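Visitor: So the sequence lines, in the order shown, correspond to chains A and B. End of the first sequence = 254 in the working numbering, gap-free, step of one. End of the second sequence = 142 in the working numbering, gap-free, step of one.
Just so you know, these hints were derived from the structure itself, not from any lab. Treat each hint with caution, since some may be false.
To spell it out: a stretch of chain B is covered by chain A in this simulated footprint if at least three of its residues, at any positions, have a beta carbon under 8 angstroms from a beta carbon of chain A; those stretches are [unchecked claim]: (1) 44-52; (2) 55-66; (3) 91-97; (4) 124-133.
All figures in this text were calculated on a predicted structure; none of them were measured in a lab. All residues carry an ideal CB built from backbone N, CA and C; glycine is no exception.
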Amino acid sequence: MGLISFSINGTAVSGAEGETVLTVARRAGIHIPTLCHHEAVEPSGACRLCMVEITHKDWKGWKGLVTACLYPIEHGLEVSTDNEAVRECRRNVLDLLLARCPNAPAIRDLAAEYGLKQTTLTVDEDPTNCILCGLCTRVCAEMGHHAISTVGRGVSKKIGLPLDEPAESCVGCAVCARICPTDAITFREDGKTRRIWGQNFELLRCSECGASHITRAQAEFICEREGMTIEDFEKCDACRSRETALAFSRMVQW
Amino acid sequence: MVEKEMAVQLKRLYVTPGKCIGCRTCELSCTFVHSTEVGRLRRSRVKVHDTGNETFIPVLCLQCEVAACVRACPVGALVRNETTGAIDVDEERCVRCLSCVVACPFGNMLHDEQAAMVVKCDVCGGNPACAMFCPTKALVYR
Chain A
1 MGLISFSING TAVSGAEGET VLTVARRAGI HIPTLCHHEA VEPSGACRLC MVEITHKDWK
61 GWKGLVTACL YPIEHGLEVS TDNEAVRECR RNVLDLLLAR CPNAPAIRDL AAEYGLKQTT
121 LTVDEDPTNC ILCGLCTRVC AEMGHHAIST VGRGVSKKIG LPLDEPAESC VGCAVCARIC
181 PTDAITFRED GKTRRIWGQN FELLRCSECG ASHITRAQAE FICEREGMTI EDFEKCDACR
241 SRETALAFSR MVQW
Chain B
1 MVEKEMAVQL KRLYVTPGKC IGCRTCELSC TFVHSTEVGR LRRSRVKVHD TGNETFIPVL
61 CLQCEVAACV RACPVGALVR NETTGAIDVD EERCVRCLSC VVACPFGNML HDEQAAMVVK
121 CDVCGGNPAC AMFCPTKALV YR
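Work out the full structure, taking the sequences as your base and the hints as a guide.
Guide: Structure below.
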């Protein structure tokens, strides 16, 4: 137990045992770029953008590049988050990502930060915005749905549905689309239905104003988990806020 | 023992509806203090309702002891702030499934689509702007 002291860019920092370099760096306000990292799920080190250089006075001059999101902190570690070796490494990663996703704004912006206007490699014939980081699949599993996963291997690997058929466990919550760091997953809504992953989901609409937040399938999923009934979701937040005010006005005497 | 002492020290936002004149200064100040960029205003977490007969009631998060939003969150992104006693949204952890928005029975959990985040009253970290600017002291933090 006790705090582990080490340094990031020459500044003394400390963290608890088991914490990662990224966690401590963020807490200290030191910026390390990430794409596949999200606090809601375990780190996976997929995007390779959080690469940092580490060394230690006992390592006889040995230096190494590691992912900050996975590397556990240790006493006396010396971390560099922005030296030339690190920048070169990230530039190479972004060069590859840019070849795959030449049109993704998130990748283009990051690449520009590292001095890359366009990829030095051959642009993918079939460009996509998906970097295959799998954040969507990890969050989907965390939510308890397990609807999407990585499908195929090698160059044909993609994010998709098992056997490319509509998944029964998908509730159309669209968290995958909202959380995607490169906006590769899209959904369409017309006020009544939401279309995502090849399925149409009925949107649960407020009985008073018609506004909608979630799908009926997601509401049913929450009902089952929390022991609620679908009637609990009859009204939207705005109409419920108004109901609260009316209930108070009846209760309070003045 | 420590918990008891904490509970005594914690302040709360008190609403006195009879004093509210419906000027909505609270909504304006809430939006203002929570907006981080010029021209991109965030949604107000307090809402003044006209309930008829010229009575106005400001509705904001009650910071429930046993909160439906906290229970509904599948990733633990809603956490009680030990210093303010308010329930805060951990924006790094939130996955925007909107479970909390539909779970709150009082309609005090909001989805701010422009900010791409769920928002709720955080008592401004211990110095609520709504109470500070309320001209009639209908909202008081004590």
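Visitor: Which of the stated hints cannot be reconciled with the structure, identified by number in ascending sequence?
Guide: 4
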